[in-house]
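> Sequence:
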Amino acid sequence: MLAALLAGGVGASAVDPIRSGLDRFAPLSGDVWDTATASVPGTVTTPYGEATVRYDDEGVPTVAADDEASLYFAVGYVHAADRLFQMDLIRRRMRGTLAAAVGQQVESDIFHRRMDFAAAAQANWDLLDGTPTGDAVEAHTAGVNAYRERQPLPLEFQLLGYEPDPWTPVDSMLIEKQITWGLTGDFSTLRRAAIADALGAEAAERIDPRRLDHDSPILREASAGSSSGGGGESADSSDTNQSLGTPHGDGGASGDLAAWLSRFESTDGVGSNSWVVSGEHTESGQPLLANDPHLTLLAPPVWYEMHHELPNRSVSGVTFPGQPFVVIGENDAGAWGFTNAGMDVLDCYEYEIDGERYRYGDEWREFESATETIEVSGGEDREITVRKTVHGPVIERQGRRVGVAWTGLQASRTAEAVRALNRSEGRDEAVDALSRFDQPTQSAVYADREGNTHYHVTGMVPIRRTDGEAVAGDRIFDGSAREGEWPGYTPYGEPDFESDGWIPFEDKPHADNPDLLATANQRVIDDSATEYYLSEGYSAPWRGARIYDLLDQRAAGDDPITHEYSRAVQLDMYDRRAELFVPEILGARSAMGERALPLANDLDGWDYAMDRDSRAALVFALFVDHYRQRTFGPAYEAADLDDSLYPGDWVLLHLDADDPWFTDPPAGEARDRAQVIAAALVDTADEIEREGYETYGDYNVTDIDHPFGLGFLNYPEYPADGSPATVRNIRVESSVGASYRLLARFDGDPSQTVIPGGNDGDYFSDHYADQLRAWADGEYSPLVPSTDGDPSIRFRGGGDRG
Numbered sequence: 001m002l003a004a005l006l007a008g009g010v011g012a013s014a015v016d017p018i019r020s021g022l023d024r025f026a027p028l029s030g031d032v033w034d035t036a037t038a039s040v041p042g043t044v045t046t047p048y049g050e051a052t053v054r055y056d057d058e059g060v061p062t063v064a065a066d067d068e069a070s071l072y073f074a075v076g077y078v079h080a081a082d083r084l085f086q087m088d089l090i091r092r093r094m095r096g097t098l099a100a101a102v103g104q105q106v107e108s109d110i111f112h113r114r115m116d117f118a119a120a121a122q123a124n125w126d127l128l129d130g131t132p133t134g135d136a137v138e139a140h141t142a143g144v145n146a147y148r149e150r151q152p153l154p155l156e157f158q159l160l161g162y163e164p165d166p167w168t169p170v171d172s173m174l175i176e177k178q179i180t181w182g183l184t185g186d187f188s189t190l191r192r193a194a195i196a197d198a199l200g201a202e203a204a205e206r207i208d209p210r211r212l213d214h215d216s217p218i219l220r221e222a223s224a225g226s227s228s229g230g231g232g233e234s235a236d237s238s239d240t241n242q243s244l245g246t247p248h249g250d251g252g253a254s255g256d257l258a259a260w261l262s263r264f265e266s267t268d269g270v271g272s273n274s275w276v277v278s279g280e281h282t283e284s285g286q287p288l289l290a291n292d293p294h295l296t297l298l299a300p301p302v303w304y305e306m307h308h309e310l311p312n313r314s315v316s317g318v319t320f321p322g323q324p325f326v327v328i329g330e331n332d333a334g335a336w337g338f339t340n341a342g343m344d345v346l347d348c349y350e351y352e353i354d355g356e357r358y359r360y361g362d363e364w365r366e367f368e369s370a371t372e373t374i375e376v377s378g379g380e381d382r383e384i385t386v387r388k389t390v391h392g393p394v395i396e397r398q399g400r401r402v403g404v405a406w407t408g409l410q411a412s413r414t415a416e417a418v419r420a421l422n423r424s425e426g427r428d429e430a431v432d433a434l435s436r437f438d439q440p441t442q443s444a445v446y447a448d449r450e451g452n453t454h455y456h457v458t459g460m461v462p463i464r465r466t467d468g469e470a471v472a473g474d475r476i477f478d479g480s481a482r483e484g485e486w487p488g489y490t491p492y493g494e495p496d497f498e499s500d501g502w503i504p505f506e507d508k509p510h511a512d513n514p515d516l517l518a519t520a521n522q523r524v525i526d527d528s529a530t531e532y533y534l535s536e537g538y539s540a541p542w543r544g545a546r547i548y549d550l551l552d553q554r555a556a557g558d559d560p561i562t563h564e565y566s567r568a569v570q571l572d573m574y575d576r577r578a579e580l581f582v583p584e585i586l587g588a589r590s591a592m593g594e595r596a597l598p599l600a601n602d603l604d605g606w607d608y609a610m611d612r613d614s615r616a617a618l619v620f621a622l623f624v625d626h627y628r629q630r631t632f633g634p635a636y637e638a639a640d641l642d643d644s645l646y647p648g649d650w651v652l653l654h655l656d657a658d659d660p661w662f663t664d665p666p667a668g669e670a671r672d673r674a675q676v677i678a679a680a681l682v683d684t685a686d687e688i689e690r691e692g693y694e695t696y697g698d699y700n701v702t703d704i705d706h707p708f709g710l711g712f713l714n715y716p717e718y719p720a721d722g723s724p725a726t727v728r729n730i731r732v733e734s735s736v737g738a739s740y741r742l743l744a745r746f747d748g749d750p751s752q753t754v755i756p757g758g759n760d761g762d763y764f765s766d767h768y769a770d771q772l773r774a775w776a777d778g779e780y781s782p783l784v785p786s787t788d789g790d791p792s793i794r795f796r797g798g799g800d801r802g
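Under our numbering, the letters of the sequence shown match residues 1 to 802, in that order.
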């Protein structure tokens, strides 16, 4: 579930402008030390009703109040107290004003200005303003500003030398847009076009197939027989041995644009796991639910843990700082979680253009244009032209222009849906709430104390039409010919929620009361079992198949599925990539010399567990990327294609020895696959020697940095288990992993959770990184609100709501 919170955000390029402020960081002096020694006051005046906050031993607050407005004012206050800089950084990124604060983030600002996420967030707020959900957001906003106005600002503002603007409800909507973009902002169509332009259509289909050939979809028992009405027919990779041809050129502007846009898509590895098990298979007779969204690992974390207590409701789990409601968690009735569904909700359009006009059907229309100035701290300001068409923003790079339609550019009811989930009193109300979860598209799982389980794909999924006929979204459309239109779509406005241009909620893949169901971003349902086009491509089924293997095996045996077993599944380290390809490596030993052979021998007899103490796990993890470079590097370099367009592990490791990529590659001479494997192992040996690695834990560490990249703000490094393809998920190359682990149960014992870091974003807090070691070691804490003892903060009525 859910995308990289600050993927491509403030990095090393921002360090130099920051360092000038570090001379103020001195013991017992300067405004930075004032921030370090400040504490939240015990009593806070609120224009709403009374509320209390109690923190537990891990800095997780329990906020209690008599009504929602009082509750969410206090939630906003503690969000600001613990995460104000993180919130401000996200809104700056989404508004395209990062460079004004940190400098050298101009490219990010250009992209975000042209997408105009701020206008989309405004549309969201226009829809919610004046509703009960809008009232809750306004109370939360007031709480954020109460802290911002009355308390010392966090350390990062002191280092950068600026004060944050007042928080607004639109900023809270920007948080939602950032989440939605991180999970569904996908330019796969442009990537495929760039590869096809450079290497030919046959090569593009082989290395980036629309469907992966496997039998582990989420819905395994969906009935087949109905036609795939959206034209979304299967595109599994084939075993033909045709020539892939020669490079067509340099990939042109398609490659430049696709590579540039890859910087602003989901970080590599973003995904999630979840499963529900009915009481039929459990020891207690009550269902179990598990969820661990794989997002960017940050200091502080993506999520903020908390408990919300009202007289008639208790809600526990995680929120996004800047949003008032619990997104993943549980209440008195049930528990819920999310993983990314992989639905295709973004299309690209090309136009016939004449100066500042574009043709749309029989009309010539002016681009909606505006000139904007990007302020750059410590540098020269940049002026850009922002253009829009009937479809949405125009993205430009190296002379290439495409229009973009994306469901997230519209207003959504997602905040309303999440509030309703928090308030739900059982399955029917929870499912009704999910029907309004418009963005992002998710695979939602639910279980409750009455024994119900449920799965549903959520979110608005367009039904594209050309000349009235439904079409798949797996191509760049001719916008001038009005191909791929979305009936009901209104960029930067309120969509027609009742339009026949969206797949109806009841027609989206779902299962009511499944005995056992697992999601891990793999294919949701076979194309033959739905009349709709759903997705251009899903994640590989490494994790999904493994979860099903473990749950199926237990369900078929004599022992029930217990909470402890569900925990073991969530921490499973078995890598199905290794199961597939290590035998191929061992079979190539005759081609190896003295440098590669010892590493191959390290893999012999390995149990395929990505354990921090394993030498074999180290060898395999490093080998995969070297093998990818050896396999695809020559053709990509000859075609001037960026390595961000390389195929994933599923395609790489399923290439047979007689595949055209070895026997007749687009560039270079034919190669023997065994020789390529041997060469990749030599590269692996060189890296191990160069870096001084001994075991997997020397390489696979919790490399979690603060956005500034300053050493003292970064989290400590710990060796970790798992890999990008294991259920226990971590991807050190892009710092992605399990951003939250939830094990929900209904047998009387508390659910369990953990986050990869600490709840408090204050570097000087005891809770800055206090859960990180537990997360790395596979430990959890009980999900229990703090209701005893004196409150840390009391909110007392008084003042004006403004």
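None of these hints come from the bench; they were simulated from the model.
Hints should not be assumed to be uniformly reliable.
FRET-style restraints, in silico, Cβ to Cβ [what the hints assert, rightly or not]:
1) Asp672 to Ser435: 16 to 22 Å
2) Arg794 to Asn312: 18 to 24 Å
3) Glu221 to Gly798: 56 to 62 Å
4) Glu383 to Arg263: 20 to 26 Å
5) Glu637 to Glu368: 36 to 42 Å
6) Asp354 to Ser734: 38 to 44 Å
7) Ser590 to Asp686: 32 to 38 Å
8) Asp672 to Gly355: 51 to 57 Å
9) Asp658 to Glu383: 51 to 57 Å
We put the beta carbon where it would ideally sit given N, CA and C, even for glycine.
> Compare the structure with each hint and give your call.
Structure-based check of all given hints:
1. Asp672 to Ser435: 16 to 22 Å: Since the Cβ atoms of Asp672 and Ser435 sit about 55 Å apart, the hinted range of 16 to 22 Å is violated.
2. Arg794 to Asn312: 18 to 24 Å: Since the Cβ atoms of Arg794 and Asn312 sit about 22 Å apart, the hinted range of 18 to 24 Å holds.
3. Glu221 to Gly798: 56 to 62 Å: Given a distance of about 59 Å, which is inside 56 to 62 Å, the answer is holds.
4. Glu383 to Arg263: 20 to 26 Å: holds, 21 Å
5. Glu637 to Glu368: 36 to 42 Å: Given a distance of about 40 Å, which is inside 36 to 42 Å, the answer is holds.
6. Asp354 to Ser734: 38 to 44 Å: holds, 42 Å
7. Ser590 to Asp686: 32 to 38 Å: Violated, at about 21 Å.
8. Asp672 to Gly355: 51 to 57 Å: Given about 55 Å between the Cβ atoms, the range holds.
9. Asp658 to Glu383: 51 to 57 Å: Holds, at about 55 Å.
Figure legend: structure checked against the earlier numbered hints; hints not met, in rising order: 1, 7.
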